[in-house]
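Chemist: So you can see what is in the structure, the chains are spelled out below.
2 protein chains.
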Amino acid sequence: MLKTKKVMLQVGDTYSHEFSFNKENVFQFAEVSGDKNPIHLDDEYASKTIFKRRIIHGFLGASIFSKVFGMLFPGEGTVYLSQTLKFMAPMYEDETYTAKFTVLEVIPEKHRAKIETLILDKDGKIITSGEAVVMNPTKI
Amino acid sequence: MLKTKKVMLQVGDTYSHEFSFNKENVFQFAEVSGDKNPIHLDDEYASKTIFKRRIIHGFLGASIFSKVFGMLFPGEGTVYLSQTLKFMAPMYEDETYTAKFTVLEVIPEKHRAKIETLILDKDGKIITSGEAVVMNPTKI
Numbered sequence: 005m006l007k008t009k010k011v012m013l014q015v016g017d018t019y020s021h022e023f024s025f026n027k028e029n030v031f032q033f034a035e036v037s038g039d040k041n042p043i044h045l046d047d048e049y050a051s052k053t054i055f056k057r058r059i060i061h062g063f064l065g066a067s068i069f070s071k072v073f074g075m076l077f078p079g080e081g082t083v084y085l086s087q088t089l090k091f092m093a094p095m096y097e098d099e100t101y102t103a104k105f106t107v108l109e110v111i112p113e114k115h116r117a118k119i120e121t122l123i124l125d126k127d128g129k130i131i132t133s134g135e136a137v138v139m140n141p142t143k144i
Numbered sequence: 005m006l007k008t009k010k011v012m013l014q015v016g017d018t019y020s021h022e023f024s025f026n027k028e029n030v031f032q033f034a035e036v037s038g039d040k041n042p043i044h045l046d047d048e049y050a051s052k053t054i055f056k057r058r059i060i061h062g063f064l065g066a067s068i069f070s071k072v073f074g075m076l077f078p079g080e081g082t083v084y085l086s087q088t089l090k091f092m093a094p095m096y097e098d099e100t101y102t103a104k105f106t107v108l109e110v111i112p113e114k115h116r117a118k119i120e121t122l123i124l125d126k127d128g129k130i131i132t133s134g135e136a137v138v139m140n141p142t143k144i
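Sequences listed follow chains A and B, in order. Mapping of the first sequence onto this note's numbering: residues 5 to 144, in sequence order. Mapping of the second sequence onto this note's numbering: residues 5 to 144, in sequence order.
Bound-form chain A, shown alone (with noise of 0.2 Å):
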């Protein structure tokens, strides 16, 4: 009888994911985690700044890391251990991101992977980067 191999996370192993937020999101998005920065709500408050336009919450534009690890790569069953964040420059609505993952490290006797984890935007420019550290019983 044949053994099915489990095909397993590997090092250098690549995910892309497409997303985008609205504004219906971010103001949802400011009602749940409290954050209400007028940065993220306010157009004339947000016009006099750096950014001179409303800016997506940090955390909102990273959360896509925690959407594609518990739902897509490596998915089902993934816990999340840590993850790192550099908010290079501002995310805004409605325009496409891609969430981009590299495997870097798999350690199997733990279940355990080191992923990269960027967010770039159409022209390729990365607007947020860190790294991951997630287990996964059954994928790593």
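Incorrect hints may have been included.
All copies of an identical chain are treated as equivalent in the list; a pair is satisfied when it fits inside any one copy or across any two copies.
Calculated lysine-lysine pairs in the DSS-like style (CA-CA distance at most 30 Å, straight line) [stated by the list, open to error]: (1) LYS104 with LYS143; (2) LYS126 with LYS104; (3) LYS56 with LYS118; (4) LYS114 with LYS143.
What the hints contain is simulated information worked out from the structure, not anything from laboratory work.
Given the coordinates of chain A, work out where chain B should sit on it, guided by the hints.
Modeler: Leaving out everything else, chain B in the frame of chain A:
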């Protein structure tokens, strides 16, 4: 005429903020982030995991840092530059946690500070740890 000296952030300053999230917050966060991992939403599924019951999204828990930086400490005008997060233990709905901040470094000429960011449970156990770098042109 007396000049008023602005009170700026100092190394060693601390700030604490109590908070909790409820079930509605968790479901709202799942909606807005797209992270519908059943560990956060499905009682039956969660009961079979190592956590035994539904847990709060790590990013929802840690969004308290974003709220405090933007609204309370140092407050208005804060720009978030970076954040590290270690999710050391799960967070649950309707429990009271404390976000604790300690200023580790101040770079006045860049208006930047490095701040330790912790989430503690009611027994003082560290649930989430990390460090942030924030900029605030008038308060740092």
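Chemist: With reference to the structure, classify each hint as holding or not holding.
Modeler: Cross-check of the supplied hints:
{"no.": "1", "hint": "LYS104 with LYS143", "result": "within (19 Å within a copy, 35 Å between copies)"}
{"no.": "2", "hint": "LYS126 with LYS104", "result": "within (12 Å within a copy, 37 Å between copies)"}
{"no.": "3", "hint": "LYS56 with LYS118", "result": "between (36 Å within a copy, 26 Å between copies)"}
{"no.": "4", "hint": "LYS114 with LYS143", "result": "within (11 Å within a copy, 44 Å between copies)"}
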